[in-house]
Every structure is written in structure tokens, then in C-alpha cells.
Amino acid sequence: DYYRKNNTGLLPIRWMAPESLKDGVFTSQSDVWSFGVVLWEIVTLAEQPYQGSSNDQVLHDVIAGRKLGIPKNSPEVLGNIMASCWRRKPSQRMTFMQILHSLEYYHDEDFRKISYFYSEEALNLRKTSSDYVEMRSVEDPLLGLAQRSVDGQKPGSVSILLSKVRPLGKTERLSQIDEAGPSNED
Numbered sequence: 001d002y003y004r005k006n007n008t009g010l011l012p013i014r015w016m017a018p019e020s021l022k023d024g025v026f027t028s029q030s031d032v033w034s035f036g037v038v039l040w041e042i043v044t045l046a047e048q049p050y051q052g053s054s055n056d057q058v059l060h061d062v063i064a065g066r067k068l069g070i071p072k073n074s075p076e077v078l079g080n081i082m083a084s085c086w087r088r089k090p091s092q093r094m095t096f097m098q099i100l101h102s103l104e105y106y107h108d109e110d111f112r113k114i115s116y117f118y119s120e121e122a123l124n125l126r127k128t129s130s131d132y133v134e135m136r137s138v139e140d141p142l143l144g145l146a147q148r149s150v151d152g153q154k155p156g157s158v159s160i161l162l163s164k165v166r167p168l169g170k171t172e173r174l175s176q177i178d179e180a181g182p183s184n185e186d
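UniProt numbering puts the first residue of the sequence shown at 1, with every later residue one more than the last.
If you are wondering where the hints come from, they were derived from the structure by calculation, not from laboratory data.
Positions of the beta carbon are idealized from the N, C-alpha and C atoms, including for glycine.
Warning: the hint list may mix true and false statements.
[Claimed, not checked] For lysine-lysine, the following DSS-like pairs were computed, each having C-alpha atoms within a straight-line distance of at most 27 Å:
{"id": "1", "residue 1": "22", "residue 2": "113"}
{"id": "2", "residue 1": "127", "residue 2": "89"}
{"id": "3", "residue 1": "89", "residue 2": "113"}
{"id": "4", "residue 1": "89", "residue 2": "72"}
{"id": "5", "residue 1": "127", "residue 2": "113"}
[To be verified] Have a look at the derived ranges for each label pair, beta carbon to beta carbon:
{"id": "6", "residue 1": "48", "residue 2": "107", "range": "37 to 43 Å"}
{"id": "7", "residue 1": "23", "residue 2": "109", "range": "20 to 26 Å"}
{"id": "8", "residue 1": "26", "residue 2": "66", "range": "37 to 43 Å"}
Please model the complete structure; the sequences and the hints are all you need to start from.
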């Protein structure tokens, strides 16, 4: 179900993060929110997110803080991932590497044999990566004086994620999500 916004195209409202709906900000962390919705769809066997609500209602509700509920039949690990994906502050959401590592325990030998993640090419790529995991604010000249604010940052700044992948897929933690617990904005 898509929603047309300002004649600029169709947007997948039901899968979009609050910051994307409100400010048009699209980052890896807004993709994590969307992944949480896709995970919810998998667990619910393809139910429609926010069933019974119009796209306009979903738009307003998500911006106001509404989130999908964790399905009752959801395995605990998937419920925890969904909850982290839907944290209000993008910087408090798990990264995709953290999500992947939280599921590694459940990978059986057959999966490891066919998965790209465990391939020699992917392992070598992770060993030689020189990027860094950090959230930082940078001035975006394209935003100019636009009155946009993400996570309380000053207008005209955006958060970017640069990731440093450690050998054997270990990654530096963006934040101590597991220890932080729910925030006031969750």
C-alpha cells in the first residue's frame, strides 16, 4: 500500500521510519525500521502493517509515536529485534550487522554453506574493510537553511553512519543497545 506525497512519487508509508515520514530523512537506520516491519510481516504470515488504518492515519500515527505490536507468536529473539528496529531515536536502533550477529546462533551448517555472509569473498571483505562505525553530524549544503531536525540536531545537519567491520564479521558497537534498555522515547 503506497501513498503519494507532493507529486514526487509513491512512498511505502507503512514501512517508513518516523524521521523519513516527518523530515524526508532516509538512512541505514531508517532502513532498519523498515526491516523491522518486514520482519513483522514474516512473523504474521503477511498481514498488512497497521491493518484497518488509512495511509493518512498511519502517517500521522507513526510520526506521533505509534508502533506495530510484537506478534504474540513471535520468537523472543525476533521480538527483541523488532523492538530495537522501532526505537524512536535512529541512533538507538540496532545496525544491520548487529541484527545479523544476533541471529548467528540460529544459523545451521547448511545455511553457513550457502550463505554469502560466510563465503570467502565476504569474510575477506570484512577483514580488509577500513570504514569506521560512528554516528556523527555533518552539515549538508543541500539542505541549506531548511528547518529539519533529526534527534535534536541543529537544522541543516544530518546523521550519517560509517561502519567499520572487524575480522570474522565482528563490528564495533554503535551504542550499547542491549545495556541501554528502553529509552523515554521508545
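For each hint, the structure was consulted:
1. 22 - 113: violated (42 Å)
2. 127 - 89: Cα-Cα ~30 Å, so violated.
3. 89 - 113: violated (36 Å)
4. 89 - 72: Satisfied, since the Cα-Cα distance of roughly 25 Å is no more than 27 Å.
5. 127 - 113: holds (19 Å)
6. 48 - 107: 37 to 43 Å: violated (30 Å)
7. 23 - 109: 20 to 26 Å: violated (44 Å)
8. 26 - 66: 37 to 43 Å: At 20 Å between Cβs, range violated.
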